[in-house]
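In order, the protein sequences belong to chains A and B.
Residue numbers for the first sequence follow the numbering used here, so the first one is 14 and each next one is one higher.
Residue numbers for the second sequence follow the numbering used here, so the first one is 14 and each next one is one higher.
If you are wondering where the hints come from, they were derived from the structure by calculation, not from laboratory data.
Among the hints, erroneous ones may be present.
Remember, identical chains collapse to one label, so a pair may be satisfied in a single copy or spanning two.
[Stated by the list, open to error] Listed below are the simulated DSBU-like cross-link pairs for lysine-lysine, each with C-alpha atoms no more than 30 Å apart in a straight line: (1) K283 x K226; (2) K317 x K226; (3) K317 x K256; (4) K281 x K226; (5) K299 x K226; (6) K281 x K294; (7) K260 x K54; (8) K226 x K50; (9) K60 x K301; (10) K202 x K60; (11) K260 x K60; (12) K226 x K122; (13) K283 x K199; (14) K98 x K122.
No experiment lies behind these values; they were computed from the predicted model shown.
The lines below spell out each chain.
Number of protein chains: 2
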Amino acid sequence: MEEIRVFCPATVANVSCGFDVLGLSLASVGDEMVVRKTTRKEVVISKITGQNLPLETQKNVAGVAALALLKQIETDTGFEIEIHKKIKPGSGIGSSAASSAGAVVAINKLLNSPFSNSELVEFAMQGEKLASQVAHADNVAPAIYGGFTLVRSYNPLDIVTIPTPADLYATVIHPQIEIKTSDSRKILKTNISLSQGIRQWGNLGGLIAGLFKQDYDLIGRSLEDHIVEPIRSILIPEFEALKIEIKNAGALGSGISGSGPSVFALSKDKKTAHQVAEAMKRVYAKTKIDFDIHISPIGASGVKAM
Amino acid sequence: MEEIRVFCPATVANVSCGFDVLGLSLASVGDEMVVRKTTRKEVVISKITGQNLPLETQKNVAGVAALALLKQIETDTGFEIEIHKKIKPGSGIGSSAASSAGAVVAINKLLNSPFSNSELVEFAMQGEKLASQVAHADNVAPAIYGGFTLVRSYNPLDIVTIPTPADLYATVIHPQIEIKTSDSRKILKTNISLSQGIRQWGNLGGLIAGLFKQDYDLIGRSLEDHIVEPIRSILIPEFEALKIEIKNAGALGSGISGSGPSVFALSKDKKTAHQVAEAMKRVYAKTKIDFDIHISPIGASGVKAM
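Input sequences plus hints: build the corresponding full structure.
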């Protein structure tokens with residue numbers, strides 16, 4: 014294979030109770046990338062459409078992730094990368110992770126898959142580090158594995174795939190205001206109370222169990238975050254109104270997607286996911302803020318050939 | 014039915030990464046209780062063997078739990094309770110929970126089961142409150158439901174059952190030193206770092222996923238506690254040596270059972286569980302501390318008729 018075109022899914026990190034460890038991929042929202050082999054042993058970002066992002070390899074998350082991979086293998090091949098962005102940077106649905114994950118999965122395929130998914134996550138994390146100073150895995154893991162993933166441990170990296178009920182849908186609203194991931198981390202407290210912690214790991218356990226059992230009510234009850242959401246939600250206009258209207262529209266639950274400003278909701282079927290989208294629209298129509306809304310099943314696979 | 018004899022399982026609370034939310038029941042370690050209907054509308058503890066515990070209903074955890082149940086139902090029936098203790102109080106394997114759970118499950122059966130398991134947990138928690146000032150559910154829930162249980166939330170009470178791989182065995186060593194649950198709570202810090210919290214909910218998620226997947230290695234990797242164990246283990250002689258020898262003997266992992274002093278280990282088969290017991294013996298034979306060792310599969314059911 015000389016060239017591959019891949020779909021690179023958007024992802025929702027944290028998923029309320031799983032701060033820094035949980036993430037899910039969206040089946041129908043994402044970028045496209047084309048990666049082709051070249052004879053010059055280097056990585057070139059040849060084209061970016063849809064967004065104004067740096068073409069310099071070292072300044073582009075896809076480039077940095079690709080270089081991290083190539084450092085670990087002997088090859089004379091170079092790679093040319095085209096990125097067709099559909100996910101807006103800064104939206105909180107894993108824009109940088111999609112590019113980082115897309116680059117390493119595509120290159121791995123072109124090299125006949127010498128690396129495991131777990132290794133690919135480690136390479137893609139280098140792209141995340143460029144984007145937000147911290148090498149997170151909670152977006153790149155679901156972008157690579159697909160579905161729900163749990164980062165059980167960062168050191169050593171230990172990714173656990175969690176099954177996804179087939180009918181589970183996500184609705185995501187992206188209010189077009191800017192919140193930098195790095196700023197969004199700074200406002201968090203470095204300490205939490207033990208009792209907050211107990212609630213959080215109770216909920217995380219409940220969410221994981223709910224996903225395995227396909228128990229939608231349990232999934233809904235577990236979508237609580239008493240630690241990060243009360244702080245970060247201050248930065249998101251109409252957050253409380255959104256939460257209320259999303260619930261009234263029939264969603265299982267909702268929360269901040271990653272570090273925001275996007276807000277996600279999970280629903281037990283497509284119809285409800287659309288009702289949730291309508292509710293989100295009604296809340297934001299009253300503001301002067303532009304917004305996008307995405308409706309998508311949870312992706313069963315991560316980055317994949319198109 | 015006029016009389017019922019029940020087996021009341023010992024339980025391991027916390028299970029390393031699930032402080033205050035997770036517990037498991039032991040299939041072959043537990044008390045026996047006999048509960049019979051009487052015509053006098055009162056609860057009488059008629060006999061206790063095996064331990065010196067109060068016979069006064071209001072001072073006995075089984076009595077208090079029974080009264081909590083009877084407060085919620087109109088009945089002219091009274092109950093006489095015999096408790097045959099095999100679990101030593103203060104051992105950290107749910108001695109009070111076994112009695113509280115046994116009383117309410119037995120009475121519920123004699124009344125033709127008007128209450129759900131979740132309601133029975135609430136009644137039994139009143140016994141726990143008498144025993145340790147705090148109305149925990151992490152021992153009474155597995156004692157009533159059997160197997161692994163997660164307390165997703167205390168308010169409202171939300172118990173989630175978690176499947177148990179058939180071959181999973183527990184080995185428990187009870188060093189005969191006294192640690193009061195109330196004292197053992199006092200030494201805990203009221204705050205934890207966010208990064209400790211992240212590790213804990215990553216591990217709890219991993220353990221729940223491991224149990225569903227029957228992935229023994231994942232179960233083992235998830236049996237970590239960086240919050241409570243480093244503090245409470247100070248009270249347990251030879252804790253570090255135990256951990257090392259338990260691991261060397263082939264266990265998946267180990268930790269403090271409840272608030273201690275018992276230490277539990279999980280193994281993927283009976284043979285390994287016995288090797289772990291031998292390793293525990295070797296460590297404690299060097300001390301002057303008396304100890305008991307229990308080997309048991311995880312119970313598929315909680316309190317049950319014998």
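For each hint, the structure was consulted:
1. K283 x K226: both (20 Å within a copy, 28 Å between copies)
2. K317 x K226: Result: close both inside a copy and across copies, 27 Å intra and 25 Å inter.
3. K317 x K256: neither (33 Å within a copy, 44 Å between copies)
4. K281 x K226: Answer is both; intra-copy 14 Å and inter-copy 23 Å each pass.
5. K299 x K226: neither (39 Å within a copy, 46 Å between copies)
6. K281 x K294: within (20 Å within a copy, 52 Å between copies)
7. K260 x K54: This pair counts as neither: shortest intra-copy Cα distance 53 Å, inter-copy 47 Å.
8. K226 x K50: Classified as neither: same-chain Cα gap 44 Å, cross-chain 39 Å, threshold 30 Å.
9. K60 x K301: Neither way: K60 and K301 sit 33 Å apart in one copy and 74 Å across, limit 30 Å.
10. K202 x K60: neither (40 Å within a copy, 54 Å between copies)
11. K260 x K60: For K260 and K60, the Cα distance exceeds 30 Å both inside one copy (42 Å) and across copies (53 Å).
12. K226 x K122: between (34 Å within a copy, 28 Å between copies)
13. K283 x K199: neither (36 Å within a copy, 49 Å between copies)
14. K98 x K122: within (21 Å within a copy, 63 Å between copies)
The structure fails hints 3, 5, 7, 8, 9, 10, 11, 13 (numbered hints given earlier, in ascending order).
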